[in-house]
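**Student:** This is what each chain is made of:
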Amino acid sequence: MTFAVILVAIVIASVLFHFLSPWQATPLASNWGSIDTTITITLVITGIFFVAIVIFMAYCVYKYQEDPNRKSEYKPENKKLEWWLIGITTVAICGLLAPGLVVYNDFVHVPSNAVEFEAVGEQWRWSYRLPGTDEKFGRSSVSRMDEINTFGLDPDDADGQDDILVAGNQMHLLVNQPTKVLLRSKDVLHDFYVPQFRAKMDLIPGQITYFWFTPTVPGTFEILCAEYCGIGHYNMRGEIIVDTASDYQEWLSEQITFAQVLTGGTVEGLVEQGQLLASSRGCLACHSVNGGPSLGPGWLDLFGSQESLIDGSQVLVDADYLIESIIDPAVKIVAGYPPVMVAYQFSDEQLDSLVAYIESLSTESADSPPKPIAED
Amino acid sequence: MAYVEDVEHQELHEPTSFYAKYVWSQDHKVIAIQYSLTAIAVGLVALVLSGMMRMQIGFPGSIDMDSTGYYQAMTMHGMIMVIYLLTALFLGGFGNYLIPLMVGARDMVFPFVNMLSYWFYLVSVLVLIASFFVPGGPTGAGWTLYPPQAITAGTPGSEWGIILMLVSLIIFIIAATMGGLNYVTTVLQARTHGMTMFRLPLTVWGIFVATILALLAFPALFVSGIMMLLDKTIGTSFFMPEMMQFGTQLDHTGGSPILFQHLFWFFGHPEVYIVALPAFGLVSDLISVHARRSIFGYRMMVWAIVAIGVLSFVVWAHHMYVSGMNPYFGFFFATTTLVIAVPTALKVYNWLLTLWRGNIHLTVPMLFSLAFIVTFLVGGLTGLFLGNVVVDIPLSDTYFVVAHFHMVMGVAPILVVFGAIYHWYPKITGRMLHDGIGKLHFWITFLGTYLIYFPMHYLGFLGMPRRYYAYEDYQFIPDSAQSLNAFITVVAIVVAISQLLFIFNLIYSLFRGKPSGGNPWRANSLEWLTPDTPPKHGNWGESMPVVHRWAYDYGVPEAELDFVPQTTSGDVVPVHESDLDE
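Protein sequence lines, in the order shown, are assigned to chains A and B.
Take the position in the first sequence, starting the count at 1, then add 125; the result is the number in this note's numbering.
Take the position in the second sequence, starting the count at 1, then add 7; the result is the number in this note's numbering.
Because the hints were derived from the structure by calculation, they are not lab data.
All residues carry an ideal CB built from backbone N, CA and C; glycine is no exception.
Any given hint could turn out to be false.
As the list claims (entries may be wrong) - Distance windows between CB atoms, simulated:
hint	chain 1	residue 1	chain 2	residue 2	range
1	A	THR215	B	LEU237	27 to 33 Å
2	A	VAL216	B	PRO541	27 to 33 Å
3	B	LEU568	A	VAL130	20 to 26 Å
4	A	ASP271	B	GLY261	17 to 23 Å
5	B	PHE139	A	ASP192	31 to 37 Å
6	B	VAL313	A	ASP192	32 to 38 Å
7	A	VAL456	B	THR192	36 to 42 Å
8	A	ALA177	B	ALA503	31 to 37 Å
9	A	VAL216	B	ARG519	51 to 57 Å
10	A	GLU393	B	GLY261	37 to 43 Å
11	B	PHE139	A	GLU449	29 to 35 Å
12	A	ASP271	B	LEU237	28 to 34 Å
13	A	ASP436	B	PRO541	52 to 58 Å
Produce the entire structure from the sequences given, and follow the hints as far as they go.
**Tutor:** Below, the structure written as structure tokens:
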């Protein structure tokens, strides 16, 4: 009896929880309402089976509880009943599968009017590329990547000259424009996931993957990495900003092309060089510059401060300490951070520029922070 | 049945020294206990790791664990639970103990290889544990060990941990192969007089088909393990494309990361059924015995096991819907995956129809069996979300997946393990486990795990990604999600600690348990009919048992009692009709 009552209670509690739960899908911001519909269909069909089966079980446990004066029925099989059950189950399965495959067919067919952009993942940050006015992406490869050419484009490929490169973590998209995302990874697997868009896809080094969606709601949306990519996985943040047409054009006009990167490749000023390096070599993936959470010590107001090391000692953050921590990070570990940074190799000039950049991020330093190169 | 006649004329060589009897033993029952105790011990390590992870998720920063430690705990928890606990326990533990007893054999057909299987397993566990003590610690690559990340510098333990992990897996597979060949051959060759394949208890069928799956699936993991080991140690590029590592170019070129995923899941999906099929078999027997009713639709149950086993080899890429493989594969794998739900659903129906018009004894093994049905039902139904490709797209890599697979292949099989231990402990030790402690353990475990995993699905609907060390400053996650995570952690800690009740019961009852006699549950299958309890070396004394009927004659109208052991002749109680055509 008790057990039967508890089974019924589980059913009631589960159904109530479903309807009362504050934890539901985020508000939809893409064309994939049809995916939400398939979830609803699946919930209804599986929900009916769940309730029916557990209630039947509760009934059996109650009705056929132990009775020393009674033997159970001896009826080892009932082929007819079994085939009926198989039939009903098959119909239910088709009811799940058919709408699922119809919607999936939409998912794999990119509309012909879709515009393309490329999202490039690396541990643990995002950057983006647009094909430019010729609507063609230039060739890219890992072997061409360096501090200036962070996307690894082929300078001799005419298609690549007008490609627009977005180095920061933010990307802008045009509202109500079907969009195909081409996904490329510099290092390990990642996954481009915006919960409000529903769709997601892995990035695989060595090949280009894709999926499509139409952003339908203007606003700012977080990009998460949904494929485990190492210790900084949980902190691989990006942003999609869905703009109206005028905002989008304004943003687009401020972006730089690959040709501009190549000609303006030698950046003036030590601080600006350091900023470029920090961005291109991935420093900013683990060291925030705005005081936000990060895997390694943030750089805002770092220079000139006192840091506590894991051995309990204090160290003044100056040029010597910073350089040592870049080229031999294991020597002095700041308390509260995992010893995960690998040793980097830089020229003396590059090290000076990095230190200058970090110094510029401290309010105590005389210089005010430089303007970001590619953002805003 | 030539084999059984040969066996009858052979002399038994009973081991005499302590070492030959309990350490270097070739007796399947001792090997089973060695396997089980090792698996439970290493499982407790994995349980502690999960508690540490839950503390970080529920109460961030409450324990001294950085993201490196978190990912190491996550990886080792998953790998230990799936491989070193569940696989080893179902095949090496229950398979070893029950197959020879249930088919009526004196032992496995290759006792020496069987012994080697355990010692290889133990070495694989020791290598695995050793990885906690090497520089850099164990690997934190996730239990799927996806390259390139598994062997590059951004992942914990990418120096030594991953090497030990791969070596341990390779040794484990050798152990599983030696054991597996034994189980299959024993079932096929060593059955006693009258024990046809269609009179085998479903436990044997489940373990038998699972073992075949293991023999066919583990080689895929074996070769991919060796290939990754070569990528790591001598710089080959099986799985490693041209790529960067923190701004520096690596020497690899031309490899395919997705090749590994195909190999891994070609093993990994059958692996789910390597765990599930023995659980299906065991729970069928528990339900039939404790409902005092013949298992409903025995033949359909057997064919369902076989069908699930076959289909399990053509569904693997449903783990890879968003992996970037050719998207058209999705149509095929969604269809095969949903088809596999049909034989699985049939099993659930037949368990319920076994209860229907039965005479249900709510013993501790029965409670665990019924809890299994509920848990497995939830896990199976949520599998229909994830198997249906387009529904999987928003849910994959979220907490919905974590909740699903813990329900379906974590909690559900573990509930069967508990039920089966409460059921067969009297045969193994001659004593009953304590009933009151058993019931307390049951209620905390069943309701606790439901409270942990049912709400967790909703964090997945919300879109919370799995394998995150922390969720600070994500705008789309409401504060209430953190409260739910804290709640889940509290329940998880209670459930984890309550497992000490089980451990205590195992030890306490060994000395103080009520003597059970040979057949305390009044069951039919051969293991309850041994001349001694616990069974002695050689199991059957002088002569081998002779089987006249299937194992499920409960409630036969012509019989005086409500059960008819398999050795009862058809002259005493008529053999039921569908058994006659054998």
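**Student:** Now look at each hint and say whether the structure bears it out.
**Tutor:** Taking the hints in turn, this is what the structure says about them:
no. : hint                            : result
1   : A/THR215 x B/LEU237: 27 to 33 Å : 46 Å, violated
2   : A/VAL216 x B/PRO541: 27 to 33 Å : 50 Å, violated
3   : B/LEU568 x A/VAL130: 20 to 26 Å : 31 Å, violated
4   : A/ASP271 x B/GLY261: 17 to 23 Å : 21 Å, holds
5   : B/PHE139 x A/ASP192: 31 to 37 Å : 54 Å, violated
6   : B/VAL313 x A/ASP192: 32 to 38 Å : 36 Å, holds
7   : A/VAL456 x B/THR192: 36 to 42 Å : 59 Å, violated
8   : A/ALA177 x B/ALA503: 31 to 37 Å : 33 Å, holds
9   : A/VAL216 x B/ARG519: 51 to 57 Å : 54 Å, holds
10  : A/GLU393 x B/GLY261: 37 to 43 Å : 40 Å, holds
11  : B/PHE139 x A/GLU449: 29 to 35 Å : 31 Å, holds
12  : A/ASP271 x B/LEU237: 28 to 34 Å : 30 Å, holds
13  : A/ASP436 x B/PRO541: 52 to 58 Å : 57 Å, holds
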